[in-house]
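4 protein chains.
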Amino acid sequence: MEKNRVEAFSDGVLAIIITIMVLELSVPHEAELSALGELPSIFVSYVMSFLYLAIYWNNHHHMLAVTHRVNGAVLWANLHLLFWLSLVPFVTRWMGATHFAAGPTAAYGAVLLLAAIAYYILQGRILALEGPGSILARAVGSDWKGKVSPLLYLAALPLAYVHQWIAGGIYILVALIWLIPDPRIERALAEAEAEGRGARP
Amino acid sequence: MEKNRVEAFSDGVLAIIITIMVLELSVPHEAELSALGELPSIFVSYVMSFLYLAIYWNNHHHMLAVTHRVNGAVLWANLHLLFWLSLVPFVTRWMGATHFAAGPTAAYGAVLLLAAIAYYILQGRILALEGPGSILARAVGSDWKGKVSPLLYLAALPLAYVHQWIAGGIYILVALIWLIPDPRIERALAEAEAEGRGARP
Amino acid sequence: MEKNRVEAFSDGVLAIIITIMVLELSVPHEAELSALGELPSIFVSYVMSFLYLAIYWNNHHHMLAVTHRVNGAVLWANLHLLFWLSLVPFVTRWMGATHFAAGPTAAYGAVLLLAAIAYYILQGRILALEGPGSILARAVGSDWKGKVSPLLYLAALPLAYVHQWIAGGIYILVALIWLIPDPRIERALAEAEAEGRGARP
Amino acid sequence: MEKNRVEAFSDGVLAIIITIMVLELSVPHEAELSALGELPSIFVSYVMSFLYLAIYWNNHHHMLAVTHRVNGAVLWANLHLLFWLSLVPFVTRWMGATHFAAGPTAAYGAVLLLAAIAYYILQGRILALEGPGSILARAVGSDWKGKVSPLLYLAALPLAYVHQWIAGGIYILVALIWLIPDPRIERALAEAEAEGRGARP
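Sequences listed follow chains R, A, B and W, in order. Straight run, no breaks: the first sequence in my numbering ends on number 217. Straight run, no breaks: the second sequence in my numbering ends on number 217. Straight run, no breaks: the third sequence in my numbering ends on number 217. Straight run, no breaks: the fourth sequence in my numbering ends on number 217.
Mixed in with the good hints, there may be bad ones.
To be verified - Here are the computed lysine-lysine pairs in the DSSO-like style, where the Cα-Cα straight-line distance is at most 27 Å: (1) B:K19 <-> A:K19; (2) R:K19 <-> A:K19; (3) R:K19 <-> A:K161; (4) B:K19 <-> B:K163; (5) B:K19 <-> B:K161; (6) B:K161 <-> A:K19; (7) R:K161 <-> W:K163; (8) A:K19 <-> A:K163; (9) R:K19 <-> R:K161; (10) W:K163 <-> A:K19; (11) A:K161 <-> A:K19; (12) R:K19 <-> W:K19; (13) R:K19 <-> B:K19; (14) W:K19 <-> B:K163.
Stated by the list, open to error - According to the in silico footprint, chain A covers these stretches of chain R (three or more CB under 8 Å from chain A): (15) 94 to 108; (16) 165 to 175.
The set of hints was computed from the structure by calculation and includes no laboratory data. Using N, Cα and C, we set each Cβ at its ideal position, and we do this for glycine too.
Go ahead and model the full structure; you've got the sequences and the hints to work with.
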């Protein structure tokens, strides 16, 4: 089974999710630039979600670039990931509209947590197909990022009730951890090419 | 005529349909998590529709993977299917907003019924092109799923007026029947490969 | 220059245009099916626009299938067509919401007229690249459909003020004329193949 | 690393951005055509933004057509560009709804300025990969357009407070400068082909 259409569908869904969030940015009724001052929390939550979705797209792109084939389990694991990511605009809007209130900020973290778990499952399904000696297996390695992120999100849930900025700070921290687009895969790919084994069979 | 653009367009439409539904999830005005308690029926209908559209995408993906060419009749049968699926967000919203009232729940079933018939027609058009000895013909086989689903939807329409959860239960049952992404095609594909006849000419 | 990305971008825009129209179908507040009785004109205009956009996608698909290359003029002619088509959801909504009032019905026809002219220009740009002996030139032939459609739209504009159903009837008539997905191209393609000259160089 | 998915994702995002703007065109409640007279500034801002996004898509298309590979830096530079472009519908709506008031008109220019800078960065990242003797390097040349546009946007920001039509005029001027879809690349491509070196390795 070919992976092209999985990539195309995922790209479509991610492109739409990342773009429709801007529909939520409600236009201020006043014409002065100062009117924008009323929507900083909405804007901050928009930027953060754009960043998170961009990171997901980037890592998804890298992972599938070294994937050789997919099966039904991978298709469903991918749809499961897309489901949680599809809720990002909803929690973004809620968190922004309530000025980062504790409940919505925790809900935002919960969606990120479930998306991270879904990504982990998807990666596991692909690794099971690719095998332990594959480029992806080498690239993922110990996967400390994939393991530490859910723990950080989990910690953020109760901490949002202590102070929302603690949770917000954790979300930014995790984003920064991931910001580098998985150089592990780029490196492993380069190594594999150097060894004369191209990423594509 | 090539099938690539049919796949691309269908992927685009399905990706948009599956994603814009989240725009309907209206943000609660209160900041407490308990505010989410007001939207369980909207959320349940969202999850169910996401699942249905994911099943359609999956089966569409599998069917076109073993399709070798398309003609005008296939293009129009595909557009007919997309038309009924495009109404899913509308009936989802209506059913969710009225807390699974009888009328909207029956309307939801009617759209599913018409989409199922449209899928059946599309499959028939492709089978007519592929021929009785094709991989798709072997994979579809007796197609008991494709035949029993419309009957179940049809039964759900009046039963929604008896109690909405009977209809809801039927929708979930049909989703579960289809949840396995057509292993018939995966199996037939594997057999065909074993026989040394690749799915692609 | 390759045509793939032109197809992909056009598919994306057309998929979005055809799908976001459903966002305009406002959910009735009542739960009875009779509540749907209030939105027949909105639904009729939705179906008609879905049909028109499907026809455009189909013919665009057929035309680009026999196109070998594109240049800057083709890119801009294509964007010009997409611009007018992007206004279809707007006039659809307006016509539906005002129950096919004369003004909005005429505006709907005006957008169809301008889209038809844009399609004609795009076809001309591609024909200029393909040359008079090309498959597309043979397929288009005298192009009576392309010439009669704008005249019918033009006639519909004032007739919408006589009675809106005259204009509506003309729109349905033009749709029916086009409904057959340009068998000219399918036929010309088949002939070309029979002559041993594949559509792709 | 392959560029196909970068093109596909960018096409998806640009197609959505260019299309969802039409959702902002609110339907007049009256049925007379004169009712449209109330939304000229919204329509003008829609046309202008459509044109700008079309120019970006066109140039992006041309640039990636002569790009041979991408890396992580290119991916992020591309996402950075898409971020600023994703804000175009927001400022378009704001500028249109306030009838080109000074503040929103300046905000529109600021988003265009930041998008232009992001495009410049993206081009720089690709040029760094392609090398000074590449087709792209020859095509870009002195890049006077890329250098003069940000200066014009920068000038428009304070001038929007003098009179909004000065800023508006500058935006139209820059659009006209770019309207020709980078014939530099088409020319360089033709030259490269004439020299017997195809654009694709």
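Verification of the hints:
A distance of roughly 16 Å separates the Cα atoms of K19 of chain B and K19 of chain A; the hinted pair therefore holds under the 27 Å criterion. Simply put, K19 of chain R and K19 of chain A have alpha-carbon atoms about 16 Å apart, close enough for the 27 Å limit, and the pair holds. At most 27 Å may separate the alpha-carbon atoms for a hinted pair to count; K19 of chain R and K161 of chain A meet this at roughly 26 Å. For the suggested pair K19 of chain B and K163 of chain B, the alpha carbons sit about 26 Å apart, so the restraint of at most 27 Å is met.
Note on K19 of chain B and K161 of chain B: the hinted pairing holds, with a Cα-Cα distance of about 25 Å set against a maximum of 27 Å. Restraint check for K161 of chain B and K19 of chain A: the C-alpha separation of about 26 Å stays at or below 27 Å, so the hint holds. Of the pairs offered as hints, the one joining K161 of chain R and K163 of chain W is violated, with about 40 Å between alpha carbons and a cut-off of 27 Å exceeded. A threshold of 27 Å between alpha carbons decides the hint, and for K19 of chain A with K163 of chain A the separation of about 26 Å falls inside it, so the pair holds.
Restraint check for K19 of chain R and K161 of chain R: satisfied, since their Cα atoms lie roughly 25 Å apart, inside the 27 Å limit. Between K163 of chain W and K19 of chain A, the direct Cα distance comes to roughly 43 Å. Violation of the 27 Å bound is thereby established for this hinted pair. Restraint check for K161 of chain A and K19 of chain A: satisfied, since their Cα atoms lie roughly 25 Å apart, inside the 27 Å limit. For the given pair, K19 of chain R sits about 16 Å from K19 of chain W by alpha-carbon distance, which is consistent with the 27 Å threshold.
Straight-line distance between C-alpha atoms of K19 of chain R and K19 of chain B comes to about 22 Å, which keeps the hinted pair within the 27 Å bound. For the given pair, K19 of chain W sits about 41 Å from K163 of chain B by alpha-carbon distance, which is inconsistent with the 27 Å threshold. Counting residues of the region 94 to 108 of chain R whose CB lies closer than 8 Å to any CB of chain A gives 7, which reaches the minimum of 3, so the coverage claim holds. Beta-carbon proximity to chain A at under 8 Å applies to 0 residues in the region 165 to 175 of chain R; the threshold of 3 is not reached and the given coverage is violated.
The structure is inconsistent with the numbered hints 7, 10, 14 and 16, although it conforms to all the rest.
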